[in-house]
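Below, each chain spelled out in residue letters.
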Amino acid sequence: MVPHPYSALATLFALAVFLWTLALVSRARKRCGIAAPACTGSEEFERVFRVQMNTLEQLVLLLPVLWLCAVWVGELYAGLGGLVWSIGRIIYVVSYLKNPKSRSIGFILTIAPTFTMLVADLVFILKFMLG
Amino acid sequence: MVPHPYSALATLFALAVFLWTLALVSRARKRCGIAAPACTGSEEFERVFRVQMNTLEQLVLLLPVLWLCAVWVGELYAGLGGLVWSIGRIIYVVSYLKNPKSRSIGFILTIAPTFTMLVADLVFILKFMLG
Amino acid sequence: MVPHPYSALATLFALAVFLWTLALVSRARKRCGIAAPACTGSEEFERVFRVQMNTLEQLVLLLPVLWLCAVWVGELYAGLGGLVWSIGRIIYVVSYLKNPKSRSIGFILTIAPTFTMLVADLVFILKFMLG
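Protein chains in written order, with my numbering: chain A, 28 to 158; chain D, 28 to 158; chain V, 28 to 158.
Hints should not be assumed to be uniformly reliable.
Which copy? The list can't say, so a pair holds if one copy fits it or any two copies do.
[Claimed, not checked] With a Cα cut of at most 27 angstroms, we get these calculated DSSO-like pairs of lysine-lysine:
| no. | residue 1 | residue 2 |
| --- | --- | --- |
| 1 | K154 | K128 |
| 2 | K154 | K125 |
| 3 | K154 | K57 |
| 4 | K57 | K125 |
| 5 | K128 | K57 |
What the hints contain is simulated information worked out from the structure, not anything from laboratory work.
The model shown is predicted, which means the values in this text are computed figures rather than measured ones.
Make the full structure from the sequences, and use the hints.
See below:
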């Protein structure tokens, strides 16, 4: 068994946040009367839908850099990066749904751990290859 | 070589199902006369497009829980979970394209293995950390 | 430490290409005056948005086949496959933004390494299981 429990927990937490945005879309469909396959026609629905799509995009960035971080940098840093990401994402979702223009803080808290881990991964891999 | 052949096969099967939905969108573009970058303007096209997007969302949930399951719970369970997911997804695609309202059974067969593996992963990781 | 430096570098390169498409969407929002959550209303914006979405779809296909290739086929092949993918994707983005109809070469250079690795993964896994 590969002992990466913090990275694994952080992964599950991030997936749970994404599942939550899927549930929000499902509920918004009913509330706003937008039957599948339509995704437009109500500003309120489009807001929830964009939140979900943006979370999908950010999740696809997070998971690879998190696991490269677990293997190359350190398991605890990966767990911490994933934790900050998930908290930032929750703030993003809540603030975006109130007002799309207030989404900056939550967005920065999502992209900052991703970007930090990406750079750290790169540094540790290049260090390994060059020495 | 890490011996997870069933998880690996299940991953390739799920990716093949997703590739199939991409091909369906590509063919629907021509049939419905929707030239890129447009994604709306034909209910038939939007249906195929939603099927592909939903499969993408579910795939991004499946793969991490499947591989955590392979490592933490058991390789055979992960392979089985992925197999049920792919069969459920095929049912989802076929029934959604006939009638979006009939998509429930296929959707449940997709989300059930994902959810079951997510909970099993969590239980096994917490068990490891607590004892 | 699992010694897959080429696969890891290729992964980071592909993620950087995806990050670039996210930045293109962000800039196009301002230039075309499309405020979130809207994703339609300007052909120029829709083009950039489709490029990003298509890159997301292809990235979700690439990363699993690349890592299965690293483990089952060979680390160098995985790194090479990822490199071709990223170069193909850059060509795709640049040519799509000029003219959506000229996207074929870049698209083929993206899908070819994905498809080749998928088939190679399958062959090596089946060989292992059958012998």
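Which of the stated hints cannot be reconciled with the structure, identified by number in ascending sequence? 1, 2, 3
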